[in-house]
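Undergrad: Residue strings, one per chain:
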Amino acid sequence: AQSVTQLDSQVPVFEEAPVELRCNYSSSVSVYLFWYVQYPNQGLQLLLKYLSGSTLVKGINGFEAEFNKSQTSFHLRKPSVHISDTAEYFCAVVPNTGNQFYFGTGTSLTVIP
Amino acid sequence: KAGVTQTPRYLIKTRGQQVTLSCSPISGHRSVSWYQQTPGQGLQFLFEYFSETQRNKGNFPGRFSGRQFSNSRSEMNVSTLELGDSALYLCASSPGGSGAYNEQFFGPGTRLTVL
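Keeping their order, the protein sequence lines are chains P and R.
As numbered in my numbering, the first sequence has no gaps in its residue numbers, which increase by one up to the final residue, 1371.
As numbered in my numbering, the second sequence has no gaps in its residue numbers, which increase by one up to the final residue, 498.
The set of hints was computed from the structure by calculation and includes no laboratory data.
Just so you know, these numbers come straight off a predicted model, no measurement behind them.
Virtual Cβ for every residue (Gly too), placed ideally from N, Cα, C.
Check each hint, because a few of them may be wrong.
What follows is a set of in silico ranges between Cβ atoms, one per label pair, in the way DEER data are often shown [said to hold, decoys possible]:
#1 P/T1313 to R/T397: 27 to 37 Å
#2 R/F443 to P/T1355: 14 to 24 Å
#3 R/T436 to P/S1328: 30 to 40 Å
Negatives, chain P to chain R, calculated, CB over 12 Å [unchecked claim]:
#4 V1277
#5 L1302
#6 N1326
#7 H1333
#8 H1340
#9 V1369
#10 I1370
#11 P1371
A short, non-exhaustive set of chain P residues, derived as facing chain R with CB atoms under 10 Å [what the hints assert, rightly or not]:
#12 N1299
#13 Q1303
#14 G1356
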């Protein structure tokens, strides 16, 4: 079985400061990893994904994430946040044996002017 | 290409009623998945349809059902609504072919409120 834990439900951060949103997962098989962003009253938009290869993945809007297999983590980072980054962020895994997504409970990022 | 569309966007029902939500996937996509999003539980997988057949199912009661039509459009139905069914229902489409990974594209969701 798979599970995803997002360790922080809410993260406030000042504009132009760096941010890290944490994600840990548990799985008995290898997985693919994703980060999605959800703006108010919208669906989910893919930020970045790890399928294979380099463990450092770059996504849209200046975000990046690093896959750490030994720690089963996939933390999302941005060196300098903007007001427009205020949103809900979801980490998700898909086992490489199937195509069902398992989502974390989300982290609400609030950027403070 | 047009994105995933969901109708209606907002819905208010009372306990005991039933409701049908609709999802039109991206053109050419054959897989449609449904998720329930609530503040406490996050996104929970309901079911996935591929080529008119249910391919995966989450842990929801039988009151939640779905179907997919030959044009890949999908509907989900919730019967005997309960207050706890109030949620944002998201639909996601993907190409759905064989192989381990298919990127999912999400619609804007249907906000269901049960009074």
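Undergrad: It remains to establish, for every hint, whether it holds in the given structure.
TA: To see whether the hints hold, each was checked on the structure:
{"no.": "1", "hint": "P/T1313 to R/T397: 27 to 37 Å", "verdict": "51 Å, violated"}
{"no.": "2", "hint": "R/F443 to P/T1355: 14 to 24 Å", "verdict": "22 Å, holds"}
{"no.": "3", "hint": "R/T436 to P/S1328: 30 to 40 Å", "verdict": "39 Å, holds"}
{"no.": "4", "hint": "V1277", "verdict": "20 Å, holds"}
{"no.": "5", "hint": "L1302", "verdict": "4 Å, violated"}
{"no.": "6", "hint": "N1326", "verdict": "20 Å, holds"}
{"no.": "7", "hint": "H1333", "verdict": "18 Å, holds"}
{"no.": "8", "hint": "H1340", "verdict": "23 Å, holds"}
{"no.": "9", "hint": "V1369", "verdict": "20 Å, holds"}
{"no.": "10", "hint": "I1370", "verdict": "22 Å, holds"}
{"no.": "11", "hint": "P1371", "verdict": "25 Å, holds"}
{"no.": "12", "hint": "N1299", "verdict": "7 Å, holds"}
{"no.": "13", "hint": "Q1303", "verdict": "7 Å, holds"}
{"no.": "14", "hint": "G1356", "verdict": "7 Å, holds"}
The structure fails to meet hints 1, 5 from the earlier list, while all remaining hints are met.
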